[in-house]
Amino acid sequence: MSLKDKDLEQIAYLARINIEKSKFPSLKEELESILSLVASMDSVDTKSIKPLSHPLDLSQPLREDKVTEENDRENLQSNAPSKEDGLFLVPKVLEDED
Numbered sequence: 001m002s003l004k005d006k007d008l009e010q011i012a013y014l015a016r017i018n019i020e021k022s023k024f025p026s027l028k029e030e031l032e033s034i035l036s037l038v039a040s041m042d043s044v045d046t047k048s049i050k051p052l053s054h055p056l057d058l059s060q061p062l063r064e065d066k067v068t069e070e071n072d073r074e075n076l077q078s079n080a081p082s083k084e085d086g087l088f089l090v091p092k093v094l095e096d097e098d
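Residues in the sequence shown are numbered consecutively from 1, following my numbering.
Note that these hints are calculated values from the structure, not bench results. For each residue, glycine too, the CB sits at the ideal point set by N, CA and C. Where hints are given, some of them may not hold.
[What the hints assert, rightly or not] In silico DSS-like pairs for lysine-lysine, Cα to Cα no more than 27 Å straight-line:
hint : residue 1 : residue 2
1    : Lys4      : Lys28
2    : Lys21     : Lys6
3    : Lys6      : Lys28
4    : Lys50     : Lys23
5    : Lys21     : Lys4
6    : Lys23     : Lys6
[As the list claims (entries may be wrong)] Restraint ranges, calculated between C-beta atoms of paired labels, are given here:
hint : residue 1 : residue 2 : range
7    : Glu64     : Pro91     : 21 to 29 Å
8    : Pro55     : Leu27     : 30 to 38 Å
9    : His54     : Ile34     : 39 to 47 Å
10   : Met1      : Ser48     : 26 to 34 Å
11   : Met1      : Glu84     : 43 to 51 Å
12   : Glu64     : Ile19     : 39 to 47 Å
13   : Lys47     : Lys4      : 28 to 36 Å
14   : Glu9      : Gly86     : 48 to 56 Å
15   : Phe88     : Leu27     : 45 to 53 Å
16   : Asp85     : Leu37     : 54 to 62 Å
17   : Lys47     : Leu94     : 50 to 58 Å
With the hints as extra help, turn the sequences into a complete structure.
Below you can see the structure in the form of structure tokens.
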């Protein structure tokens, strides 16, 4: 696949990055190499291969669902500059839309 400067500009725009025009030739070469690799991988016939959800057929042992720690809210909020009814109060950061 042959990339044009316009393609690189569009990719840079979508990625929200600024690319110097002087770097276009080397970048085009790298991207074309990557796209070539992807095309060769895409051409591999994988119809007879069963998809894997995990390479090993193991299950994770689950722990018993029980309370292991007590509610420590008072201690955790003891150094909070502002709190009310067990909640942290923080400064308003968004303006109202009127």
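So, going through the hints one by one against the coordinates:
Annotation: proposed proximity of Lys4 to Lys28 holds, straight-line Cα distance about 8 Å (limit 27 Å). For the suggested pair Lys21 and Lys6, the alpha carbons sit about 11 Å apart, so the restraint of at most 27 Å is met. Between Lys6 and Lys28 the alpha-carbon distance is near 11 Å, which keeps this suggested pair within the 27 Å criterion. Annotation: proposed proximity of Lys50 to Lys23 is violated, straight-line Cα distance about 42 Å (limit 27 Å).
Restraint check for Lys21 and Lys4: satisfied, since their Cα atoms lie roughly 12 Å apart, inside the 27 Å limit. With a CA separation close to 14 Å, the supplied pair Lys23 and Lys6 stays within the 27 Å bound. For the pair Glu64 and Pro91, the beta carbons lie near 41 Å from each other, so the given range of 21 to 29 Å is not met. At roughly 34 Å, the beta carbons of Pro55 and Leu27 sit within the given window of 30 to 38 Å.
Range check, His54 to Ile34: Cβ separation about 27 Å, and the 39 to 47 Å hint is violated. At roughly 28 Å, the beta carbons of Met1 and Ser48 sit within the given window of 26 to 34 Å. About 60 Å separates the C-beta atoms of Met1 and Glu84, a value inconsistent with the hinted range of 43 to 51 Å. Restraint check, Glu64 to Ile19: a C-beta distance of roughly 54 Å breaks the suggested window 39 to 47 Å.
Checking the proposed 28 to 36 Å range against Lys47 and Lys4 shows it holds: the Cβ atoms sit about 34 Å from each other. For Glu9 paired with Gly86, a C-beta distance near 53 Å keeps the hint of 48 to 56 Å intact. Take Phe88 and Leu27: their Cβ atoms lie about 46 Å apart, and the range 45 to 53 Å holds. A hinted range of 54 to 62 Å for the beta carbons of Asp85 and Leu37 is consistent with their spacing of about 57 Å.
For the pair Lys47 and Leu94, the supplied restraint of 50 to 58 Å holds, since their beta-carbon distance comes to about 51 Å.
Hint compliance for this structure: hints 4, 7, 9, 11 and 12 are broken, all remaining hints hold.
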